[in-house]
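Colleague: Sequence:
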Amino acid sequence: MAHWALALTSITAPLGCRTPEPPPFPDHLAGYETEPTNTGFELMKQAGERAFRDADALLYRTHWTPGLRTQAIAKAQAALGMLRRTHRETFEFVYSPQPPLSENPARSGWRFLGTTLIWSAQDALEAGEGDRAVSDLLTTLRLAWDLFGGDALDANLGYTLIRRVQSTLWEAHARLSSEQLMRLSQGIEGILEQAPSVHQTLRHEEAAMLAAVQLIQDAFLDGALDEVAGTLQKETSRAFEYLKTLRSEPQEEQVEYFRRFAKEARDRISALHAIASEDTSQWRPTEAPTGERPWWRLAAQFFGASDGILDQYLFSLAVTRLIAVDALLLARLRSGERLPASLETLPELLRTDPYSGRDFLYHNLSVGYDLYSVGENRKDDRGLQAPGGELSDIVAPPRS
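This note's numbering numbers the first residue of the sequence shown as 5 and each following residue consecutively.
Note that these hints are calculated values from the structure, not bench results. Please note that a few of the clues may not be correct.
[What the hints assert, rightly or not] Computed cross-link-like contacts, EDC-like style, restricted to lysine to aspartate or glutamate with a CA-CA straight-line distance of at most 16 angstroms: (1) Lys248 <-> Glu197; (2) Lys79 <-> Glu46; (3) Lys248 <-> Asp226; (4) Lys49 <-> Glu130; (5) Lys248 <-> Asp271; (6) Lys383 <-> Glu352; (7) Lys79 <-> Asp60; (8) Lys267 <-> Asp230; (9) Lys248 <-> Asp222; (10) Lys267 <-> Glu296; (11) Lys267 <-> Glu39; (12) Lys49 <-> Glu39; (13) Lys79 <-> Asp58; (14) Lys248 <-> Glu268.
[Stated by the list, open to error] Here are the in silico distance ranges between beta carbons for each label pair: (15) Gly35 <-> Ser404: 53 to 61 angstroms; (16) Ser404 <-> Arg89: 33 to 41 angstroms; (17) Glu352 <-> Glu253: 55 to 63 angstroms; (18) Ser201 <-> Val259: 31 to 39 angstroms.
Beta carbons are placed, not taken as given, at the ideal position from N, Cα and C, and that holds for glycine.
Full structure from sequences and hints, please.
Modeller: Dropping the structure here:
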């Protein structure tokens, strides 16, 4: 027995001195759960993918002749029919993180559909077809707000569509009848009642940011850094040079680099969630990250889109509400009714300026009215230009 004990001692002693295993590289998306699928989103996705296929060579055009514009509207009709059906279905945006810079056919199709809807609404207004114009406008705004349920790139597309409605269609609402204006306002109220919270956009953008970290980590482990670097801006080259030197360091340091890179993504979104939990009138910019950040060039490439989410959401909310309130007031004006002395009798969901937390600024002029939001600087500038040249207030078209 003594010989066996001695043998066991000689075997187990070296095992006790074994070097600890290095920490594993994390799966940065391990905790993310995709929303359950639903009929409304499946239709919206299919519509985007159908538009992507049908648009073909027109998909990425930036200059349009009248003939090409008409052709694009015709090519979009099948997909638009699918998109309009989403209005009759339960809808929630279903977000699945994808590697950054990969093509998203549905998103490209949604962009094409939004463009053709705005053109179609313009054509309808010119032709005096108010009912069709209202239908196209509501479909555009519904698509825009549904897109805020995705990540920052989806939300940016929704914001861009609302910007285009503001710049190309809002003034033309005066061509609509009082009944059509009421339908427009009520339709917008329904859209806003179902609009996604900005917290959903932030949750999805965090997943998009972590997918970017995962892409870089996978390229680092697979020895494919040059391949990824070739698809990014030259400004990121030093970040890839650093990663190549990191390969000769202990695995503990490598894992810590990617852990901290991912933590910055989570910290940024956490800060935005905290701001978004306050009243919209209190939303403010976040503080820029500080300290040693050898991944900062990659963060600038992949995390920068998150910086615009709150601003784009606020602007879109202000413009959409203003369009609805303007339609209500204009309906009364067109039907010969008296204008209200204040906005207090209007639905609170519509009349509240997200920049101030109070009612939009409104002046009954007897023969018309002024209506506007205080805008990003949260001051009543009466539509005057700020020193930077931008309109500080968001102003409804003059009505009389």
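Colleague: Enumerate the violated hints, using their earlier numbering and listing them in ascending order.
Modeller: Hints 1, 2, 4, 5, 6, 8, 11 and 14 contradicted; others consistent.
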